[in-house]
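K.L.:
These protein sequences, in sequence, are chains W and V. According to our numbering, the first sequence is numbered sequentially starting from 1. According to our numbering, the second sequence is numbered sequentially starting from 1001.
Calculated pairs, PhoX-like style, for lysine-lysine (alpha carbon to alpha carbon, straight line, at most 25 Å): (1) V:K1333 - W:K89; (2) W:K109 - V:K1519; (3) V:K1519 - W:K19; (4) V:K1175 - V:K1150; (5) W:K154 - W:K104; (6) V:K1004 - W:K136; (7) W:K59 - V:K1004; (8) V:K1333 - W:K109; (9) V:K1004 - V:K1175; (10) W:K19 - V:K1333; (11) V:K1525 - W:K141; (12) W:K136 - V:K1519; (13) W:K141 - V:K1519; (14) W:K141 - V:K1521; (15) V:K1345 - V:K1333; (16) V:K1191 - V:K1150; (17) V:K1004 - W:K19; (18) W:K151 - W:K104; (19) W:K109 - V:K1521; (20) W:K158 - W:K19; (21) V:K1227 - W:K59; (22) W:K136 - W:K151.
The hints are simulated quantities; they were obtained by calculation from the structure and are not laboratory data.
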Amino acid sequence: MHNVVNVVFAGLGGQGVLKASDILAELVFEARLDVKKSEVHGMSQRGGSVSSDVRYGSKVASPMVPEGEADFLVVLDETQVSVNEMRLKKNGCLISPSMIATDKLENPKTVNVALLGALSTKLEFSEEAWLEVIRKILPEKIHAVNEHAFKLGKETLK
Amino acid sequence: MFEKLLLSGDEAVAQASLDCGVKMGVGYPGTPSTEILEHFSALGGHAQWAPNEKVALEVGIGSAFANARTLVTMKHVGLNVAADPLFTVAYTGTEGGLVILTADDPGMASSQNEQDNRNYAVAAGLPMFEPSDSQETYDLLIKAFEISEKWKIPVIFRMTTRVCHSKCIVEHHTKPGAKTQPFFKRDVKTKVMVPAFARSAHRALRGKLAELAQFNESSDGLVTEFKRDHHVGIISSGISVQHSLEADHEASVLQLKMTYPLPLERIAKFAAEVERCIVIEEGDPWLENQLRAAGIKIEGKPEMYRFGELNVTRVRRILTGDVSPETVAPAGKPPQLCIGCPHRKAFETLRDLDCIVSGDIGCYTLGVMAPFNAMDTCVCMGASIGVALGMRQVLPEEQARRVVSVIGDSTFMHSGLTGIADMVYNRPPTGHVVLILDNHTTAMTGLQEHAATGRSLDHTPAPQIAIENVIKAMGVDNVDICDPTKDSNAFEALLKQRLASNDVSVIIARRPCILALAKIKQYEKNNQGCQ
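Here chain W stands alone, though its shape is the one from the complex:
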């Protein structure tokens, strides 16, 4: 039995929150685990707060991470940390831009993938598996810049 792992992504519309959760969900799917991913979009696309939940394990029921049960909270914008903190379980792991060297990113838009790099140090999947999914989901012309971001996030996580 693989216990259910709960990951919440949060940020602002346009930052790539949903893309980041798509990448994790696809990675887990490729690893042949059960996975559910939930998001709410619509009005939130217009620059408002956005969040997306990914849950995986041997069997997942609800697609939403219950309140205060997130193992990992990945926040793409520091202003959204306080808004989402309550979703994290006691001793859960917060990952936010201030914890990695965002000033060294080739393109600030890749912060979502950089944070996935940081997250990858806490999860069981190989770097090659992550990069393969990133290449599958993102368009080819931005592969290099995102691979750089992923490795930067992975190596500079404080």
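Given the coordinates of chain W, assemble chain V onto it according to the supplied hints.
P.N.:
Chain V in isolation, oriented as in the chain W frame:
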């Protein structure tokens, strides 16, 4: 052959439609249903946007009358627009399978109300399916078509935001289903609903529903029982099933997949086998009321859980009877009109002129937010015009002169034309001004095409309706086209002039949506290439 995919509920509908030979997909964009037809089209299915949900359902009825499997999609409030044909197609039935998909939005992630469309199944007398995840969505949609064809009855397929927009693993057939050959067979007694024929059609409908209730009692796959402890039993449907399974690992769960007409005998048996039986459902106490009416001993949820979505935490609270105040999540950042949005200047002017703004449904409803504070009413699609005309008719002149209708281009094509007819016909004493914010797209739902963009659902070229020509032909006194972003002074001067006169006027503020600009250029480039 089977293949596993990671699909959202919306994508699962599209995949199932392709795999079971749907020949026509038709709808109007509305969160959370929009992606269904886009995905169906991308997979190679035939999909088209109708100007509104009523027309979508009528097109769907015609296609199903002609023996083609047909999927009609809309958000919950869209079914209000389509309710007129809905109630009578229940009587006529169709030759080809007809599935009417309504995507409800409990919690109102992106809607003006949280109506519970399960009520339509009872009101119209139509069988209804409620999937709880993407795999069930896939399997049940195919089942819904089979039942629709077997009983010659349209089926309501009710999804909710969480089911539409959650991704789960789906196993699907890799061989697309064969499409049936369309034909039309004359049968006036079942297809022409004059009173003499409709009386027997109503009786026929009730007969079909009685058979379907029996089918639901005995059929495999429409009811799933998770037999666990006998102390607590949960009766549930849709997404609430998934929350329930997780909220209490001990409780037995009876999942209903076809929730109208209900398998009351099966439910009564389940309820009798557990010590405490509780209904877990989002929205109205819909199942609860039906089961109570049938004399089945169950508990419902406290009224506070009627509002908003359920989740695992809330289901746990319902199970323990906890009615203490819930923790309120801190407010996030609200959405706003994009920087560079062409509507911004228009709303600044409306604010500065202290207009009474009768608003409408779309991104531009965000004109209500600071710094614009330039919207006073918003009810439903197209209401900006009718509501404003009502105000103009009764308000004292000083206030009446400040009333302006604000409506987007897609919403105008959806239900603005009849409002203009009323403006011309029942002319208010002070005249009126309708401002059409034309950004060349259905922006709110994610940049869909419509009848006035000149492109089809798949963005290939289509005939384009010129809104200004239609309005002129209807007899409006003044029709002006301007761009407030380019020249806000000219826009303000024009608006002042129209408001001061007793004319009925339309001003079209035309400039593409900032998010759509690059895409529109790309479509135009692609379309030139293929001509």
